[in-house]
Amino acid sequence: MREDLIGYLLHALEPAERAQVETELGRDPELKRELELLERSLLPLAGDREGYAPPMGLASRCCEHVATQGKVRRAPPVAPPTSRWRMSDLAVAAGVFLAATLLFWPAMNQSRYAARVRGCQNNMRQIGMALQSYSDAHPGKLPAIHSRHQLNRSGLYAVILLQNNLLGEQRLIICPASKLAEEVENFNVPTLAELEAAAPTEQLRMMKTMGGSYGFSLGYRQEDGEHSPPLALGRSTHVILADAPSRDHEDRMSGNHGACGQNLLFEDFHVEYVTGCRTRACRDHIFENRNGEQAAGLDRDDVVIGPSDASPFGPTP
Numbered sequence: 001m002r003e004d005l006i007g008y009l010l011h012a013l014e015p016a017e018r019a020q021v022e023t024e025l026g027r028d029p030e031l032k033r034e035l036e037l038l039e040r041s042l043l044p045l046a047g048d049r050e051g052y053a054p055p056m057g058l059a060s061r062c063c064e065h066v067a068t069q070g071k072v073r074r075a076p077p078v079a080p081p082t083s084r085w086r087m088s089d090l091a092v093a094a095g096v097f098l099a100a101t102l103l104f105w106p107a108m109n110q111s112r113y114a115a116r117v118r119g120c121q122n123n124m125r126q127i128g129m130a131l132q133s134y135s136d137a138h139p140g141k142l143p144a145i146h147s148r149h150q151l152n153r154s155g156l157y158a159v160i161l162l163q164n165n166l167l168g169e170q171r172l173i174i175c176p177a178s179k180l181a182e183e184v185e186n187f188n189v190p191t192l193a194e195l196e197a198a199a200p201t202e203q204l205r206m207m208k209t210m211g212g213s214y215g216f217s218l219g220y221r222q223e224d225g226e227h228s229p230p231l232a233l234g235r236s237t238h239v240i241l242a243d244a245p246s247r248d249h250e251d252r253m254s255g256n257h258g259a260c261g262q263n264l265l266f267e268d269f270h271v272e273y274v275t276g277c278r279t280r281a282c283r284d285h286i287f288e289n290r291n292g293e294q295a296a297g298l299d300r301d302d303v304v305i306g307p308s309d310a311s312p313f314g315p316t317p
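Counted the way our numbering counts, the sequence shown spans residues 1 to 317.
The hints are simulated quantities; they were obtained by calculation from the structure and are not laboratory data.
Errors might be hidden in some of the hints.
[As the list claims (entries may be wrong)] Heads up, simulated EDC-like pairs for lysine to aspartate or glutamate below, C-alpha to C-alpha not over 16 angstroms straight-line:
#, residue 1, residue 2
1, Lys208, Asp309
2, Lys208, Glu183
3, Lys32, Glu22
4, Lys208, Glu196
5, Lys179, Asp248
6, Lys208, Glu194
7, Lys32, Glu14
8, Lys141, Glu22
Please put together the full structure from these sequences, using the hints given.
The structure is reproduced here in structure tokens:
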């Protein structure tokens with residue numbers, strides 16, 4: 001039964017076999033724990049589930065090749081070898097092949113997963129350089145507009161950086177592992193003037209994607225209740241940018257890397273990858289304030305990263 005667990009997770013079993021595995025899982029808690037362990041081990045493959053289109057003209061080239069082979073003169077049959085493989089030899093060879101596949105396939109996919117994480121980190125470091133240039137020109141501050149402005153959303157950081165010619169090119173705000181990377185050719189960050197001139201419905205559409213694949217800090221509430229935009233205080237434990245949180249995952253884990261973790265950019269502009277939703281140093285939840293809301297932090301130490309259209313004041317009615 002245990003050898004069927006991988007087939008069960010990969011949906012490679014016949015209906016009867018699958019039903020038998022589910023019956024055994026209901027009876028055997030130890031088997032269920034093994035299934036959960038295998039499922040966690042396969043999580044890095046989540047980012048590689050997309051299909052791949054065949055090369056153009058593949059079908060016609062195959063048909064032409066088959067037609068050509070029919071005209072080729074066949075070679076005379078070769079005398080069978082004096083020694084034959086026994087069933088036991090075939091079983092051993094199949095076992096070796098299966099073992100090699102099980103070792104090689106996860107390693108190959110883990111390598112691809114790591115490459116995508118690194119590509120995302122490289123983009124994030126360049127965004128960090130742009131944010132650092134902005135804070136150098138506006139000491140102690142990060143991109144923001146008036147706290148009560150209707151356009152005060154997380155993704156506005158990208159609009160301001162591009163408008164100030166600090167980011168170079170807008171593709172840098174797209175993580176190579178995100179779904180948005182598939183639409184990069186049609187992606188465009190609006191200007192502040194375009195946002196202000198847009199009709200409400202179009203404005204909401206623009207705000208949803210203007211921050212690309214990343215989420216930005218929503219700032220925090222001051223003691224007098226007023227909202228403060230995010231500050232550049234140089235702290236190595238406080239996040240200002242991250243892979244955008246997901247609205248579907250129960251803990252808001254980013255979907256950019258198959259909900260396995262996210263890259264974080266800190267106030268001192270270094271980048272880290274974490275597998276959960278809390279920073280290693282201060283255990284602050286990256287995507288929620290201490291009240292469990294996706295809104296501005298409750299004080300300067302309560303960091304909250306929101307998706308592109310998130311408002312510091314919580315969900316809009």
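Here is what the structure says about each hint:
1. Lys208 to Asp309: Distance ~5 angstroms between lysine 208 and aspartate 309 Cα, so the pair holds.
2. Lys208 to Glu183: holds, 14 angstroms
3. Lys32 to Glu22: Holds, because 9 angstroms separates the two Cα atoms, which is no more than 16 angstroms.
4. Lys208 to Glu196: With a Cα-Cα distance of about 15 angstroms, the restraint between lysine 208 and glutamate 196 holds, given a limit of 16 angstroms.
5. Lys179 to Asp248: It holds: about 14 angstroms lies between the C-alpha atoms, which stays within 16 angstroms.
6. Lys208 to Glu194: holds, 14 angstroms
7. Lys32 to Glu14: Roughly 20 angstroms separates the two Cα atoms, so the pair is violated.
8. Lys141 to Glu22: violated, 56 angstroms
The structure shown violates the earlier hints numbered 7 and 8.
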